[in-house]
Amino acid sequence: MIQRLKSSKAAHRLQVAGVPTIVPSLLILGVLLVIYGGVRVNAFSTFNLQELSNVTATLAILAVGQTVVVISGGFDFSAIAVLAFLNTFMVTQLGMVGDSYILMSALVLLVAILIGALNGFLVGYLRIQSIIATIAMFFVLSGGALAFMNTPGGGIDSGFTSALAGTWGVSFPASAGMMLITALIWIVLKKSRFGTNLYAVGSNSRAAYARGVPVKATLVKAYAFAGLFYGIAALNYTAATGSGDPRVSFVLLGQMFAAVIIGGTIFGGGRGGAVGSILGALSLAVFEAILFSVGFESYYTGIVFGFLLLVVVLPAALGPHLIERYQANRRHLKPDPVEEGTAL
Amino acid sequence: MNTVTDERQIEGSRWAQARRRYPNLSAVVTVWLVFVAVLLFGLVAGWVTRVGQLETALLLASFAAIVALGQHLVILTGGIDLSIPFALTASAILLTDLSNGPESMIWVIPATLIFATLVGAWNGFGVAILRVSPLIMTLSTNIILLGMVLAYTQGTPQGLAPDPLVNFITGSIGPIKTPIVIAAVITVLVSLLLLRTSFGRYVFAVGNNPDVAYLSGVSVKRVLIGVYALAGLAYGLAAVMLCGWTQQASFQLGDPYLFPSIAAVVLGGTSILGGRGNYLGTVGGAAVFVAIGTVFAGTNVPESTRNIVIGVVVILAVTLIQRERVTE
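Same order as they appear, the protein sequences are chains R and P. Its first residue numbered 1, the first sequence is counted upward by one per residue in this note's numbering. Its first residue numbered 1001, the second sequence is counted upward by one per residue in this note's numbering.
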């Protein structure tokens, strides 16, 4: 309800017609996949599909976490530092749990949730703007990652790597499995009371508060769940790279926001969904594969991709304004009948 | 009641007058006091022992303050600029690549500054005309510039900054290092621009409420494009200075400036929502940031601890600033 109040008329009509907001991102991915199928030999071979899934997973799962925060009405700049922190934590502190990878994975997820909850506390209870709070946490966490490891290195048991970055069964990529699990967790969250509150708080936190939504608790939960998703991403990342790296990647930060945007989540809060973000991350991977297949130097992908980002957001950014202007012009052309009468 | 007391009541105390004329005065004073406190802490702890260390702190703060100037202007209008890393890197690489002997400086530096200004104007075009949100627009610009830099250099940046520039930037004007003088001059100019000109008032008006500004006759689009272009010019200037300082450009030149620039603006008491702030505070924020690094540089405290301290300082400062706002 509240979500609808804020959305534009066109989006409202789409929703009434039963078209989910996920459709545009599905269309983008579909078009890209068709092009990809055309330009690449054996485009949909098991190997190529596994490859696509593997290069997408970390980004996609991170983007899901970011999406939760964006829907709540904020931004999380700490995500890339959370990833580096958890990755170095996992690689260096294995001895703490007697080298048990299961215990360690659980511990990583727990720490991830706690970090997220701290972000949420800063935003919800101390009322610090999310950008500032998460940049402060970025410094703290990147410092923490450096404290664990000064330089990239360390190793991970190959069993862990094959479990989370290899294949499940004969050919089903573990990375795709982790994305599916992430999507399932999100869908359950969205259907829950927390999900309803999340969208309400993101749309209009004052209105939500007035209607009895626990705004502060919802924000803490939103950031904590975002943390959980970063934790899952960190497990995948650590398994895939097989080592620790304290450096944060600003390229990943840009890609993460891009995946959220292409996924149809609109900045400002209250609108969008995390499944779209996974599709957005997949679109980015397919897009890069296309450019690679047609022989573009990898240097140029950035340029094309930057403009693509603008093209994707342009309808949402400029559209409502143009429609408004068009309608205003039409009103102007068709004189008001009352005024006509007085002129006569 | 006679007219004298009336006037006094309207004008208020000197402090109140000063507060009206210089926005955010208390935050500015606070952040500079914190800067002094950090350095005093270093002195007392015995970590700061040489005058040279203070000079280094001010020197690094000068670079950071000029980068933060761009971020400050953009945040004043209610936006945020994520194009800083590659606006800096692209400008620096353009400068070193075009440079060809000492004489080339005459046209290479203006070319770099114009390039950076155009990058900023492109951001402004996207935000004002295409109505893309500042975060997405500047993010896209950063990605495009990254691709352009890679394509232009084919992966390896080449060339050196011209010698006269290096000599000028690493030298001194009178007893003071050149970058500090440049930063001081710019601080004065920017403060005059923002507090004493109509353009400055428009910037605050747009940041407070673009709709009201528009209805009051402010050309919001022109102001926004102007602000982003000025921000680009600031990054271009910072890139020229950084090139002069380090002699060459690298791909990683800009990355370390993105989050510190936002933190410096916020530490200086500028509202991230726009419409409220003072550049003197941002300079102070940059100085505090650098001072924390300098104080630790003389010790064997690792870089990790420094980052953690910076993060905690940002959280504490913002919480305090917000408390103050509420009591106001």
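For the record, the hints were derived by calculation from the structure and aren't laboratory data. Where a beta carbon is used, it is the ideal one built from N, C-alpha and C, also for glycine. A portion of the hints provided could be inaccurate.
Unchecked claim - Not close to chain R: a few residues of chain P, all C-beta gaps over 10 Å, as computed:
(1) 1111
(2) 1126
(3) 1166
Claimed, not checked - Covered stretches of chain R, as calculated for chain P (at least 3 residues, CB under 8 Å):
(4) 188-199
(5) 250-256
(6) 271-282
Unchecked claim - If you want a taste of the chain P side facing chain R, the calculated C-beta under 7 Å gives, among others:
(7) 1098
(8) 1102
(9) 1106
(10) 1131
(11) 1259
(12) 1263
(13) 1307
(14) 1320
We went through each hint and held it up to the structure:
The beta carbon of residue 1111 of chain P sits about 21 Å from the closest Cβ of chain R, which is more than 10 Å, so the claim that it is off the interface holds. At the 10 Å boundary, the C-beta of residue 1126 of chain P falls inside the reach of chain R, the nearest C-beta of that chain being 7 Å off. The non-interface label for residue 1166 of chain P is consistent with chain R: the shortest C-beta to C-beta separation is roughly 28 Å, beyond 10 Å. Beta-carbon proximity to chain P at under 8 Å applies to 0 residues in the region 188-199 of chain R; the threshold of 3 is not reached and the given coverage is violated.
Counting residues of the region 250-256 of chain R whose C-beta lies closer than 8 Å to any C-beta of chain P gives 3; at least three are required, and the coverage claim holds. Proximity of the region 271-282 of chain R to chain P, defined as three or more residues with a beta carbon under 8 Å from a beta carbon of that chain, is not established by the 0 residues found. Residue-level restraint check for residue 1098 of chain P is violated (minimum Cβ-Cβ distance to chain R is 19 Å; threshold 7 Å). A least Cβ separation of about 31 Å between residue 1102 of chain P and chain R goes past the 7 Å threshold, and the interface hint is therefore violated.
Annotation: residue 1106 of chain P was flagged as interfacial toward chain R, and the flag is violated, the nearest CB pair being 30 Å apart, outside 7 Å. Residue-level restraint check for residue 1131 of chain P holds (minimum Cβ-Cβ distance to chain R is 5 Å; threshold 7 Å). Proximity of residue 1259 of chain P to chain R holds as hinted, the smallest CB-CB distance being about 5 Å (cut-off 7 Å). With a least beta-carbon distance of about 6 Å to chain R, the hint placing residue 1263 of chain P at the interface is held under the 7 Å criterion.
The criterion of a C-beta within 7 Å of any C-beta in chain R is met by residue 1307 of chain P, whose closest approach is roughly 3 Å, and the hint holds. The interface hint given for residue 1320 of chain P is broken, as the beta carbon of that residue sits about 11 Å from the closest beta carbon of chain R, more than 7 Å.
In terms of the numbered hints stated before, the structure departs from hints 2, 4, 6, 7, 8, 9 and 14, listed from lowest to highest.
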